[in-house]
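Add chain B to chain A, keeping to what the hints say.
Residues per chain, in single letters:
2 protein chains.
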Amino acid sequence: MTETKTDGPAVSPLAPASFPELPKIDGVRFAAGAVGIKKANRTDVMLAEIAPGSAIAGVFTRSATRSAAVLDCQAKLAGLSGDEGFAIVVNSGNSNTFTGKRGVSDVALIAEAAGKALGLPASHVFTSSTGVIGEPLPASKITDALPGIAASLDPAATEPAARAIMTTDTFPKGAVTTLDLDGTPVTIMGFAKGSGMIAPDMATMLGYIFTDAAIAPDVLQAMLSGCNRASFNAVTVDSDTSTSDTVLMAATGRAGNTPITAPHPAFQTALLRVMQDLAHQIVRDGEGATKFVEVRVTGADSDADADRVARSIANSPLVKTAVAGEDPNWGRIVMAVGKSGAKADRDLLTIRLGDILVAEQGWVAESYTEDAGAAYMKQQELLIDVDLGLGQGAATVWTCDLTHGYIQINADYRS
Amino acid sequence: MTETKTDGPAVSPLAPASFPELPKIDGVRFAAGAVGIKKANRTDVMLAEIAPGSAIAGVFTRSATRSAAVLDCQAKLAGLSGDEGFAIVVNSGNSNTFTGKRGVSDVALIAEAAGKALGLPASHVFTSSTGVIGEPLPASKITDALPGIAASLDPAATEPAARAIMTTDTFPKGAVTTLDLDGTPVTIMGFAKGSGMIAPDMATMLGYIFTDAAIAPDVLQAMLSGCNRASFNAVTVDSDTSTSDTVLMAATGRAGNTPITAPHPAFQTALLRVMQDLAHQIVRDGEGATKFVEVRVTGADSDADADRVARSIANSPLVKTAVAGEDPNWGRIVMAVGKSGAKADRDLLTIRLGDILVAEQGWVAESYTEDAGAAYMKQQELLIDVDLGLGQGAATVWTCDLTHGYIQINADYRS
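Chains as they are written, first to last, in my numbering: chain A, 1 to 415; chain B, 1 to 415.
Treat the hints with care, since some could be wrong.
Unchecked claim - Below, a list of computed lysine-lysine pairs in the BS3-like style, where the Cα atoms sit at most 30 Å apart:
1) A/141 x A/24
2) B/101 x A/343
3) B/343 x A/343
4) B/116 x B/76
5) B/38 x A/378
6) A/101 x A/39
7) B/24 x B/101
8) A/378 x B/39
9) A/343 x B/76
10) B/76 x B/24
11) B/101 x B/38
12) A/38 x B/378
13) B/343 x A/76
14) B/38 x B/141
15) A/101 x A/24
16) B/39 x B/116
17) B/76 x B/101
18) A/76 x A/38
19) B/101 x A/39
20) A/76 x A/116
21) A/116 x A/141
22) A/101 x B/343
23) A/76 x A/24
24) A/24 x A/116
25) B/101 x B/116
26) A/116 x A/39
27) B/101 x B/141
As the list claims (entries may be wrong) - Facing chain B, a subset of chain A residues (Cβ under 7 Å, in silico):
28) 63
29) 98
30) 100
31) 133
32) 134
33) 243
34) 335
35) 337
36) 338
37) 344
38) 348
39) 364
40) 367
These are computed hints drawn from the structure, not numbers from a lab. Where a beta carbon is used, it is the ideal one built from N, C-alpha and C, also for glycine.
Just chain A, same shape as in the assembly:
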């Protein structure tokens, strides 16, 4: 049940050297199953069981055409009561999106089946589905298999879980960190999936994060939402947004720390590290990506304006193709600043590629040479740094280049 998905394109050249060792989290068990949702012999169902006494929180896509599973998760989180623990069921291969009333009842069937297998109320079972849009989910394949999958639950099955949620991903994505809470060591561990369609608003990505820290549910939610803005919501592959994006986080409290009941900067920093690590891995697996690009904007009139400029640059097909072509085409960066809708003054702009000053005060910098820019662009990890020279607003987003590989994958792949 742990076989790698071997069809599809080769592993991204930007992938990390290896999958990290994801430790057990006391109070959480995982299992993966291959039920044949789209293809045979691929793990396509992930089950996580979270012990009683845990807290859970979530953030979701803002799409107006959200999937049935997302709507169900949001309703359950809003009306949560009881202390029986939780389960998360994720399937890949079919997103159960735009499937009408049948999609809604399929979510209910899966939640009931998982609840029955684990002795939980269906209202404590969260589901996600990712894959093809608009085709009915073969839910009975999942419900029939759930008792068997539940029987194989194992705290150590983290990597099989991370692999089972993959779709067009070319590598599984995991991240882990530890911190000390007043003498008590706690762990934050998570995994995610996503490659194409990764947009400003957390598109087609799923993330599941677990910690053994004790955290009050409302604080957990606040910290998750806060970190999401600077991680999953700050990456973009092609500006497209999925209907199914979900990040769920559970805190089991088994580490025995004094419960966190107010915003906790050290925990939040550690959580952000894990979430940014996962978000960056999603960009690194951007369809066809050959370059990882950080776009850093400073000196904007406001943070919102900085974000607008950063996304305008990161989503510009002309900037992204220039990066693919290793062309230090800063004129396209100027164009993207101009079209962003943010306040900008051509004659106050400063543009750097890494540490290289390219343009300032409305013109190319005297010190700049095309050779230096061209040499910089040959690197695999790039920084586009824009200062608008107006105020204190700042934002950073991460993206990848736009290549023939993206066209190949998306003009041929029937999603």
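Okay, now just chain B, sitting in the frame of chain A:
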């Protein structure tokens, strides 16, 4: 001086069969020159002389990093006085954008030289520049050549004028129509350039329209602005916006009609026809384009919402690559509706490909077959028709597919 630009990619498969015969407009003369701005032996300067007594109007890019020429045109239109006639000077090969103070003085030098050659005040000379961003314009090549170019002015030189403004265009773009104003025949004729970077806001395109009708300047401006919304501002190739977009229109009044001094529906309809024709030709020359796509949205909560949805679909890289792959992937259309930010209800959506009902009430239509969808997508001219089922808001935009050709042109071309 009328040689075709022969380097660059082959003519778009979506190009019209031939360039239309653009008639003379009484009161307007054209000339083209090859001054070697970027390459030798290509016409790269267009001069138009417009007789005294004419009215002139313009619409421009809304980019915050507008070029010096655009800023100059806007200032001149705002402060216009006198009846001496006008001139328009356009160069291709260099956009004179992000060229600091030198860019501003280069515009002034060209306007002065053209004014001197034609006996006009520089304040009546409008200029446009298109091409590379961020490199100083070799203005003296233009100013030195202007007297000679002016000497060759000819009312019949419409096609050479249309060709001289081309950059990466694979074919020249012209359109013409005639109408009868209370027994007086009048002509509206125009030409345009643009291929890549054609965005929601009239990006990297230049358009020049001429009529022999008599029209009051403020009415001319109002009709031009009105038609622009449903033509040049309703096309998108890659969502990128240029810093130099300009549409100028002149009305010489030589036809002898009773002057139009109030909004005139028949004239406006004829003008819209010419402007839509030119705008569609720009999409048909979209970099790498192999399909022409109309995206029609109805049933939205407002026209603004309909426009949001239409642009979200038309700019989605996933929709555009599906079109390139001839894949009737309506799930990506649902995704694009969802991310648009417009009010939408999944269960009220109706999606058609041409006349084929694909999805309704939150699910695939019973009558729909994948074979029918796949056969439709093989056509070169496509209609994506979305009804949101909410209200009366409607909008139409035009776009093309996203292909390997786009990547090739933009990852290799140093713009």
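Check your understanding: Are residue 101 of chain A and residue 343 of chain B close enough, with their CA atoms no more than 30 Å apart?
Key -> holds, 20 Å
Check your understanding: Between residue 39 of chain B and residue 116 of chain B, does the CA-CA distance stay at or below 30 Å?
Key -> holds, 26 Å
Check your understanding: For the hint on residue 337 of chain A, does the least C-beta distance to chain B fall short of 7 Å?
Key -> holds, 6 Å
Review point. When the nearest CB of chain B is found for residue 344 of chain A, is that gap smaller than 7 Å?
Key: holds, 4 Å
Check your understanding: residue 38 of chain B and residue 141 of chain B: Cα distance at most 30 Å?
Key -> At roughly 11 Å apart (the allowed maximum being 30 Å), residue 141 of chain B and residue 38 of chain B satisfy the hint.
Check your understanding: Per the CB criterion, is residue 367 of chain A less than 7 Å away from chain B?
Key -> violated, 15 Å
**Study point:** Pair hint outcome, residue 116 of chain B versus residue 76 of chain B [Cα-Cα no greater than 30 Å]
**Key:** Roughly 17 Å between the alpha carbons, so the hint for residue 116 of chain B and residue 76 of chain B holds.
Exercise for review: Using 7 Å as the Cβ threshold, decide whether residue 338 of chain A counts as touching chain B.
Suggested key: holds, 3 Å
Practice item. Mind checking the CB of residue 133 of chain A against every CB in chain B and telling me if the closest is under 7 Å? Key: The hint holds - residue 133 of chain A has a Cβ within 7 Å of chain B, the shortest such distance being about 3 Å.
Practice item. For the pair we were handed, residue 343 of chain B and residue 343 of chain A, check the Cα-Cα distance against 30 Å. Key: holds, 27 Å
Check your understanding: Taken at face value, is the distance from the CA of residue 116 of chain A to the CA of residue 24 of chain A at most 30 Å?
Key -> holds, 25 Å
Exercise for review: Would you mind confirming whether the straight-line C-alpha gap from residue 101 of chain A to residue 39 of chain A stays at or under 30 Å?
Suggested key: holds, 25 Å
Hint violations for this structure: numbers 7, 15, 19, 38 and 40, all remaining hints satisfied.
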